[in-house]
Structure formats: structure tokens, C-alpha cells
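> So the sequences go chain by chain: H and A. 1 is the number of the first residue of the first sequence in this note's numbering; add one for each residue after it. 382 is the number of the first residue of the second sequence in this note's numbering; add one for each residue after it.
Mixed in with the good hints, there may be bad ones.
Here are the simulated distance ranges between beta carbons [stated by the list, open to error]:
(1) H:227 to A:420: 43 to 49 Å
(2) H:99 to A:451: 27 to 33 Å
(3) H:377 to A:477: 31 to 37 Å
(4) H:205 to A:452: 44 to 50 Å
(5) H:331 to A:456: 37 to 43 Å
(6) A:471 to H:377: 23 to 29 Å
(7) H:354 to A:452: 28 to 34 Å
(8) H:2 to A:384: 44 to 50 Å
(9) H:317 to A:451: 34 to 40 Å
(10) A:461 to H:205: 34 to 40 Å
(11) H:350 to A:449: 31 to 37 Å
(12) H:99 to A:477: 18 to 24 Å
(13) A:509 to H:112: 19 to 25 Å
(14) A:450 to H:112: 38 to 44 Å
Straight-line C-alpha distance at most 30 Å; calculated DSSO-like pairs for lysine-lysine [as the list claims (entries may be wrong)]:
(15) A:508 to H:117
(16) A:468 to H:164
(17) A:434 to H:117
(18) A:468 to H:124
(19) H:115 to A:434
(20) H:196 to A:434
(21) A:516 to H:196
(22) H:115 to A:501
(23) A:468 to H:174
(24) A:468 to H:365
(25) H:117 to A:509
(26) H:117 to A:516
(27) A:468 to H:115
(28) H:164 to H:258
(29) A:516 to H:207
(30) A:516 to H:115
(31) A:509 to H:115
(32) A:471 to H:124
(33) A:434 to H:82
Note that these hints are calculated values from the structure, not bench results. A quick note: this is a predicted structure, and the numbers were derived from the prediction, not measured. Note that beta-carbon positions come from the ideal geometry of N, C-alpha and C, so glycine has one too.
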Amino acid sequence: MNLEDIIQETKTYYCLECGKCTSICPVARYDSSFSPRQMIENALLGFGDELLLDRELFSCLTCYTCQKECPSDIDFPIFVRKARSMAQDNGQHGVCAHSGQLQSLARLMTSPTIKQKRLEWLSKEYRVSENSDVLLWVGCAPYFAPIFEDIEFNALDITKASLKTLNLLGIEPKLLPNERCCGHDALWTGDIETFKKLAEHNAAQIKEAGVKKIVFSCPEGYRTFKLDYPNYVDLRCEVLHISELLAEKIGQNGVKFKEIKKKVTYQDPCRLGRHLGVYDAPRKVIESIPGIELVEMRHSGLESICCGTSAFTNCDSYSNMLRAERLCEATETGAELLITACPKCQTHFRCAMMDKGEEHRSTPKIEIMDLANLVANAIEK
Amino acid sequence: MAEFEPQIVAFCCNWCTYAAADLAGTSRVHYPPNVRIVRVMCSSMVNPLYVLKAFEGGADGVLVAGCHHSDCHYIDGPVKCDATVDKLRKVLHVLGLEDERLRRELVAASEGVVFARIIKEMVEQLKKIGPSPFKVKTEALA
Numbered sequence: 001m002n003l004e005d006i007i008q009e010t011k012t013y014y015c016l017e018c019g020k021c022t023s024i025c026p027v028a029r030y031d032s033s034f035s036p037r038q039m040i041e042n043a044l045l046g047f048g049d050e051l052l053l054d055r056e057l058f059s060c061l062t063c064y065t066c067q068k069e070c071p072s073d074i075d076f077p078i079f080v081r082k083a084r085s086m087a088q089d090n091g092q093h094g095v096c097a098h099s100g101q102l103q104s105l106a107r108l109m110t111s112p113t114i115k116q117k118r119l120e121w122l123s124k125e126y127r128v129s130e131n132s133d134v135l136l137w138v139g140c141a142p143y144f145a146p147i148f149e150d151i152e153f154n155a156l157d158i159t160k161a162s163l164k165t166l167n168l169l170g171i172e173p174k175l176l177p178n179e180r181c182c183g184h185d186a187l188w189t190g191d192i193e194t195f196k197k198l199a200e201h202n203a204a205q206i207k208e209a210g211v212k213k214i215v216f217s218c219p220e221g222y223r224t225f226k227l228d229y230p231n232y233v234d235l236r237c238e239v240l241h242i243s244e245l246l247a248e249k250i251g252q253n254g255v256k257f258k259e260i261k262k263k264v265t266y267q268d269p270c271r272l273g274r275h276l277g278v279y280d281a282p283r284k285v286i287e288s289i290p291g292i293e294l295v296e297m298r299h300s301g302l303e304s305i306c307c308g309t310s311a312f313t314n315c316d317s318y319s320n321m322l323r324a325e326r327l328c329e330a331t332e333t334g335a336e337l338l339i340t341a342c343p344k345c346q347t348h349f350r351c352a353m354m355d356k357g358e359e360h361r362s363t364p365k366i367e368i369m370d371l372a373n374l375v376a377n378a379i380e381k
Numbered sequence: 382m383a384e385f386e387p388q389i390v391a392f393c394c395n396w397c398t399y400a401a402a403d404l405a406g407t408s409r410v411h412y413p414p415n416v417r418i419v420r421v422m423c424s425s426m427v428n429p430l431y432v433l434k435a436f437e438g439g440a441d442g443v444l445v446a447g448c449h450h451s452d453c454h455y456i457d458g459p460v461k462c463d464a465t466v467d468k469l470r471k472v473l474h475v476l477g478l479e480d481e482r483l484r485r486e487l488v489a490a491s492e493g494v495v496f497a498r499i500i501k502e503m504v505e506q507l508k509k510i511g512p513s514p515f516k517v518k519t520e521a522l523a
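This is chain H alone, in the form it adopts within the complex:
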């Protein structure tokens, strides 16, 4: 693939040079050297090297804020994704967060012979069934749990809460003992080769499991399965996010919530919101819990601000400023609890709140919780 193909595929030649993308871009607000418009111009005017060798290529959050404003409907995140894969071929990898260990783990998971021990957390209190036609996707949670233990975040709590909720709804899902990383981060950092291998592994295992429906507690996995897997593998399954399933089931099966008296606000994860257009389901679920008052932040829904890093690349001081800004918005609402629906949003916000560096003294503190945990705490039967 060369730059010309990417321009043709993503129709960047429609660019009007209006600069709306750069003016709305959350990264560009802090990092003045980052400009989506400039990146597109570089590609169109034949300065491919300036685009591909610039480390700013990996600063894009691929959060789709720009695309929603673009009068020519240019898919900038996909343009960036394809340009990154070209840059990877030329040896540019961007600066990976957490020393690149998460990307390395994804590459290690492409090995066909590994026997993972990813379900050791599964205790008897949860009901799973081998014959179920519903699959709960566990994803990276067993890996995130040890990696992020020092920011006091256990991603498995989200998985456990999702499983408990499904059980209380009368669903006994199947769990795959040897599923691989969904490949989201590999794909968005431009490592297509790794992504393809992971997708093939997962598709084969899902086919073997014979399930009809896959439930996700992570919007990144959901996005990857819904929009990206169909381009690479044959996957005949219905996929949905746990918030969508809950929104559908609430009020049925005699599901009841106990009262939680709290003022909360909701962070739209970019993958769930702008990528897939799921805005109402999580809000419906939150509001159906009696006693809860949901207040919106200054930027919400379509305009919601990203948590500052995606695909674990280029996490820098600008990302932290972005997080601090978002946390300010959350506390300004007067809410005492910030609800997210993405484990990575939670990782990044918790990290920002733990950060004891000089420049982050002003980062406000707020309790943060996943939607699945909120529901699991509230549900009673």
C-alpha cells in the first residue's frame, strides 16, 4: 500500500482545508505541533515523508471527534491508521506507553501453541455453561489486572461484575479458555500482520465454540469485532456491548434494582460513542437505577472528550492535561461518581489521579467506576 492508495481509499482529496478538524481536535488544543489538517495536506501535496516520519502521527487519539465535524466527511482516523501501518513498514513505531509491553503481549499471543491460564479468577459463585450460545468476551482483563495493580485498578472486577449481572439476568454465558487479544491496539498502531493472526485465531475459536452472540464489557473489543473483523475474517455472530444487552433486558425477567442515592456523571468512551453510536443504552441503564441522578458534563455524547490515550501509544504530558481537563469537567457537575463503560478510560483516569508529578497537582479527584460494576452493585433479584 502506498500513500496514493490511502488517499483514494479514505477520500482525503475532498479536504477543503477548512481546519475544523484541527480546531476541534482535543490533542491539538494542547499540542500546537499536532494538526490533522496539516497531516492531510502533507499527504495531498506529496510530502509523504513529513507525514510518515513525524512522531505526531502516533499522537492521534483516533477518537473520531474530527470526523464528526468534517464537512467533507473524511475518515481521518482510518487515514491515520493506514498511514501508521505504512510508517510501521518503514520502521516507525511511535512511542508506546508502558514501555510497549502491551503491544509485545499481543505479538506473543499470536503463537499458536500457548496454553493461557486466563480464567483462574473464575470462582464457583459464577455460573458459566459449556453449551451456551452466548459468549462473554474476557479480552485483556486478566493481563491488565497485574499490570495496573499499582494504580489500584483491577480490570477483572469489570469482567466479574459483567458475569454476575448476566447470571442474575438468567444468562449463563460461555467463556473461552484460550481466546487471544482482539488485536485492537495492534490494528490501530498499524501492526496489521499481528492483527490478522489474532483475528484468525479468535475467529477459529469462536467458530469451534458455536456461539451465536458475543457480549463485550470492553468497547474496544466490541468495535474491533463489529467493524474490523468482517474485513479480515468470517464471523457470523451477533455482537453487542453489555450496556445494550442491559438496556434491552431491564424491566424484563423481574430484574429489580435497589436504591443508590448518588449523583453521577457518564464518560462516553470514544469507541462506544462516536465509533459505534451507542449513547443512549448506557444512560438508560444508569437512569433506571432508582435514586441515581445522572448529570451530563459540559461535553457529552457526540462531543465527549476522550480519556487521552488510545491503543497505548504516545501517552505524554498533553494526554495528562487532557485527562485533567476531563476530570475537571466531571467534578464541575457536582457528581460524586464518574461512570465509564471502558476499562481503558478507567485505567487512564485512575493513572492521572494517582500521578504525583509537580504539574498534576491540580488534577481533581473523583470516584470512578465501570457501568458493569454499578449495575452489579445495584441489581437484586
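Given chain H, work out where chain A should sit, using these hints.
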């Protein structure tokens, strides 16, 4: 078929374990040639990616070795290294890798014999458990 010869990548701290390996050499202490030593300034600078990359590259085992807790040139390097390795061990466990493949040792500069013994032990253990599951991928690429 030739006997399986494991490949070990050893990250050794400049002040103690690297000197110990050197001492083992100068004092003619024999140990198997299966180890590739990477000298690092301190065991605490070994970040998780170094170890993961070694496995990606086809290592069957990784040794992270440095000074004893009281000997560190930089005061508390081994403490940091212990924390990194403990965390990494949990991650590798989920990945299904045997515990023996990642080893953490404290070897002082005078302990050339200890270094040789550790390598011998490690090679024996790795021969028993066989090649790393990640090796298949690397060989297929080659």
C-alpha cells in the same frame, strides 16, 4: 534428532553479576554455553519489555540478575527489580508460560561459582520443560 539446547538471555547488572560472570570466566569455572549475557547498568533498569522481547525473539528462558539488596550501587535497585519481576511473573503466568522460564537471582561480584551453578541449573530445568511456546513462531519466520 539433536538434543534440545535451550537459549537463555541473561540481564546482568554491571557492578555485581556481570563481574561474577567475568570472574567465572577468569577462574575457569565451566558452565554451559547456552547463555547470552546482556550487560545493564542496574537490574532495576530491566523493564518488562526487555524480557518480553527476549521471549518474542525465541529465548527459552530469561535470567534477571543483579546485586544483593545491601550491595546496590544505586541504593535500592534490587527492590525495584523485584517489583518488576514479580509483576511480570503474574503476566507470564496468564500467558501460560512456566515459572522456571523467568528467573531472578542475586549474585555478588565475588560469586563466580554461584553464577556458573545458576546457569547449569537453569539449562537442566529448561531441557526438562522443552522449548518455549513462542519459538514456533520465530522458527516459522526464519
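> Please check whether residue 509 of chain A and residue 112 of chain H have a Cβ separation lying inside 19 to 25 Å.
Cβ of residue 509 of chain A to Cβ of residue 112 of chain H: about 23 Å, so the range 19 to 25 Å holds.
> With respect to the beta-carbon atoms only, verify the hint that residue 471 of chain A and residue 377 of chain H lie 23 to 29 Å apart.
holds (27 Å)
> Would you check the hint for residue 115 of chain H and residue 501 of chain A, treating anything up to 30 Å between C-alpha atoms as holding?
Distance ~27 Å between residue 115 of chain H and residue 501 of chain A Cα, so the pair holds.
> Does the hinted range 37 to 43 Å hold for residue 331 of chain H and residue 456 of chain A at CB?
At roughly 38 Å between Cβ atoms, residue 456 of chain A and residue 331 of chain H fall inside 37 to 43 Å, so the hint holds.
> Does residue 434 of chain A lie within 30 Å of residue 196 of chain H when you go C-alpha to C-alpha?
Judged against 30 Å, a Cα distance of about 20 Å means the pair holds.
> Quickly compare the C-alpha distance for residue 117 of chain H and residue 516 of chain A to 30 Å and report which way the hint goes.
holds (19 Å)
> Regarding the pair residue 516 of chain A and residue 207 of chain H, is the alpha-carbon distance no greater than 30 Å?
OK: residue 516 of chain A and residue 207 of chain H at ~27 Å, within 30 Å.
> Check whether the Cα positions of residue 117 of chain H and residue 509 of chain A lie no farther apart than 30 Å.
Since the Cα atoms of residue 117 of chain H and residue 509 of chain A sit roughly 21 Å apart, the hinted pair holds (cutoff 30 Å).
> CA of residue 468 of chain A to CA of residue 164 of chain H, is that 30 Å or under?
OK: residue 468 of chain A and residue 164 of chain H at ~27 Å, within 30 Å.
> Hint check: residue 509 of chain A vs residue 115 of chain H, CA-CA at most 30 Å. Holds or violated?
holds (18 Å)
> Between the alpha carbons of residue 115 of chain H and residue 434 of chain A, is the straight-line distance 30 Å or under?
holds (19 Å)
> Confirm or reject the claim that residue 377 of chain H and residue 477 of chain A have a C-beta distance inside 31 to 37 Å.
holds (33 Å)
In this structure, every one of the numbered hints holds.
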